[in-house]
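One letter stands for each residue in the lines below.
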Amino acid sequence: MYDWRFIQSAKKLIQLGSLLTFIGFILVTSSCAVGPGMGTKDDQIQVVSILPVPDSPKLPAVIKRLMNLADEQFNQSKTSDSIVTLERAIRIKPRYPEIWSRMAAVYAHLGKMPQAKQYAERSNSYINNSHPLKSFNDDLINSANR
Amino acid sequence: MPSKTRKKSNKKSKPRSSFKKILINKVTGSLLLFIFLISSLYIVYLDMKITDKISGKIWSFPSSVYARPLELFKSKKIGMADVIAELQSLDYIKVDTRPNKPGQFRVNNYSNIEFVSREFEFGEVIRSSKGVRLYIDNGVIKNIQELNSNQSIAVFRLEPIKIAGIYPKQKEERELIKLEDVPDDLILALLAVEDRRFYNHWGIDPISIARALFANIVAGKTVQGGSTLTQQLVKNIFLSSERTLIRKINEAIMALLLEFHYDKSVILETYINEVYLGQNGSNQIHGFQLASHFYFSKPLQRISRDQMALLVGIVKGPSWYEPRRNPSRSKSRRNQVLALMLEQGVISQYQYNKYSVAALGISKKPRLSSNRYPALMGLVRRQLQQDYNEDDLKTAGLKIFTSIDPIVQDKAEASVESMIPRLESNKLKTSLLQTAVIIASSEQGEIQALVSDRKPKFSGFNRSLDAVRQIGSLIKPAIYLTALQQSDKYSLASMLKDEPLHIKTSNDDVWSPMNYDKEYLGDISVFEALKNSRNVPTVRLGLDIGLSAISDSLHNLGVTRDIPAYPSMTLGAFNLSPLDVANMYQTFAADGYHIPLRVIREVLDKENQPLKRYPLSFSKSLGDKPVHLVNHTLHQVTQSGTAKVLSKTLSTKVAGKTGTTDDTRDSWFAGFSGEHLAVVWIGRDDNKSTGLTGASGALRLWADIMQHINTDDLSLSLPEGVTEHWVDMKTGGLSDKRCQGAVKLPFITGTEPKEKASCTTGGLFNQLKNLFN
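Residue numbers (the numbering used here), protein chains in the order written: chain A, 1 to 146; chain B, 1001 to 1773.
The set of hints was computed from the structure by calculation and includes no laboratory data.
Source: prediction; values computed, not measured.
No residue lacks a Cβ here, since even glycine has one placed at the ideal position from N, Cα and C.
Treat the hints with care, since some could be wrong.
Said to hold, decoys possible - If we take Cβ atoms under 8 Å as the criterion, some of the chain B residues that face chain A in the derived model are:
hint	residue
1	V1155
2	E1159
3	D1591
4	P1615
5	K1620
What the hints assert, rightly or not - Facing chain A, a subset of chain B residues (Cβ under 10 Å, in silico):
hint	residue
6	V1125
7	Q1444
8	R1613
To be verified - Label-pair restraints from in silico Cβ distances:
hint	chain 1	residue 1	chain 2	residue 2	range
9	A	D138	B	G1741	51 to 57 Å
10	A	L110	B	Y1199	42 to 48 Å
11	A	S130	B	R1422	47 to 53 Å
12	A	D138	B	N1507	53 to 59 Å
13	B	W1726	A	S130	23 to 29 Å
14	A	S130	B	D1713	42 to 48 Å
Let the hints inform the model, and build the full structure from the sequences given.
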């Protein structure tokens, strides 16, 4: 009699446990689906687009080559490799705003908006208001500020 | 009675003796059981020792520190001699014909160099071997081509030079090689000499032991060993080399256990990577792969059969047969091995005849670099210790990629070695001058070179990092920057008073700062006061803007030490290290972006997997406009100010500031071009007078370094919101460019002077001169 009651209560406990686990699972998955992380990612994707490497004769071949390589890596989702390649380009020719701007876009894609803003500002420091990159950089800075 | 007694005793002795027997049997049995148990436990212990070690981390791998990889691209400034030096540091071999193997280069008529690079695994990409032709003219790369197709290459990255290792106490070095990559001939030679029946025994070989025993008895001394490769491996990894019976028993048991657990190929591969083959200074050379680099400057796969025979011969006695010290002894040992290879059918008679007369082919200097740059390594270690424990650094085989530039470092060292004695002979008759030099990239804050002693290879007190000294006038740009940030109050044309000044200090003393020339110039512009490093107007300015504001600026510039808030701090009467100064001036060099100086770029683990990257990070806490005004003035310092000698000695456009402390104890110069920031300190360890000012000491060394490194002009493009105007320096009013004493200065828009100065044209001559300016 005692054993039977023990088994009954153990069964109830297991049922209760399963129910609680199920409820917990539902709560966790639903919070992930509507949580702030998801919304932030959408915002980031909106502001990021990788511009084509400019075909300007002013841009040295070495920088074009490295920017193209960084784009290939970016398109293959190797974003950290892409950053390494862009840093290589910065070491070689640090005063080309195109590289800093590209770096800003990659950081924005990664959701690292403070870094993205810094790189966009650095890019702006090498150009005047009429430069085609200015509005791209400003959009990034504004997104980061939001 | 006696018989009775005897009988009695006999009667009693029967059970007693059987009891004794039982007792003895029991004791013996227990003893045997105990011995058996202890032996079993001991064997289990040895077994655990083996499996733990072999399945875990067998060896300690020192970490390797690499210089920056040299980037080659069209328009890069680099001399042919620098490219050759880089290739030689990488152990490339100069050939007379067109290079066709990785690691070869050829120089054609000093404007064209061809090489075949080696494959190298960078963190983000594997760069395969490639044939490259470089055209260099007048110190500039004019073209880069692929060697076979003649197609242009936009950029090519050479593999980085290994500049140091971080070693465990034992200082073992090794390079691992997989068994499938080991040449078959080397394995055959090794087995022919060391263990012919390797594939036929279980760890110990009674036949070999009997043969060795017989040979030794016949010879009357030990002439042959009977140890198998497995026993040798056990001895090398687990045991000492002492000749005792216990050690021999342990060796035999462990060899059997090793063979029981592991395949022959695992044992052979472990042996090939473990065996001790020589000594490089205090570092032990382990394994055939590293030994091949050490003796022949080639990987194992590229050495000839006679060189393999030499390596196998060295196993018997790495010190006795050391080929650089004992070439004839090692040659005869090599030929013994070749004879055994012939006997075993590994080589033919023809090959034996050919190889046995061949030269040893030992490379002149060992490829392995010990610590080439001790002071730089001090910095690398300090930065690494923030993220890694010392034990991992010494044993985990990390690959540490740095920004160290051997070309810049070597030139900085050469300048120090030539200039310091010259400066001494001018002012001092002693050899007490010491120095510290730091060179970093202007825009990225990557340290490229660091010298901390007048003898740069000397590994002692690291002055660049640890010598904290008064900075003198190096503080001034921070004070003027603080003032120019208050743009409603100060511009470069604002006037200051260069007149006697007496300040009551907190302990009721009176401090009267003096100019270096002990004179007073009356009214002087902010621009002239900084350009000519006037002390008294600077103190007045500093007290006006506030000591705490200056302290804040210093922290924004990257100084992390506490700054004292007393008036004499405005003349740099507080201590900073050369590294602190470099951090501060780096912010000026990068147009107001503070980039903490760094030397490590990336760390990979033993399998080339990235562990940690140190990306470029920066912050902007200073406005680019006031920074531009200061940088403009610092450039003028090198044209007509305290460092005007640079306008004659240096063809590159630079900016910088001299610094001298009381009694000429410290001589400083901190300056930058478009590509490099460099800080130089000269002083004495006993803090006595050097007799050198910033201009007569540190500046001369700085100029010598900058003359020798390839560097770009300083860029002083006007930021948005800054305009230039001609100003009269006597009054600070707007002027015409033809007026005498007129200077063109940058102003933050809206802060330019409102008053016009009365113009004196300076006569016809000046007007004509200005027409051509």
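Hints and how they fare:
1. V1155: Holds, about 5 Å.
2. E1159: At about 15 Å, which exceeds the 8 Å cut-off, the nearest Cβ of chain A leaves the hint on B:E1159 violated.
3. D1591: holds, 6 Å
4. P1615: holds, 6 Å
5. K1620: Holds: closest Cβ of chain A sits about 7 Å from B:K1620, inside 8 Å.
6. V1125: With Cβ-Cβ at 7 Å, under 10 Å, it holds.
7. Q1444: holds, 6 Å
8. R1613: It holds, given that the least Cβ distance between B:R1613 and chain A is near 7 Å, below 10 Å.
9. A:D138 <-> B:G1741: 51 to 57 Å: violated, 43 Å
10. A:L110 <-> B:Y1199: 42 to 48 Å: violated, 55 Å
11. A:S130 <-> B:R1422: 47 to 53 Å: holds, 52 Å
12. A:D138 <-> B:N1507: 53 to 59 Å: Once the Cβ atoms are compared, 55 Å apart, the range 53 to 59 Å for B:N1507 and A:D138 holds.
13. B:W1726 <-> A:S130: 23 to 29 Å: This hint holds: roughly 27 Å between Cβ atoms.
14. A:S130 <-> B:D1713: 42 to 48 Å: violated, 25 Å
Violated hints for the displayed structure, listed by number in ascending order: 2, 9, 10 and 14.
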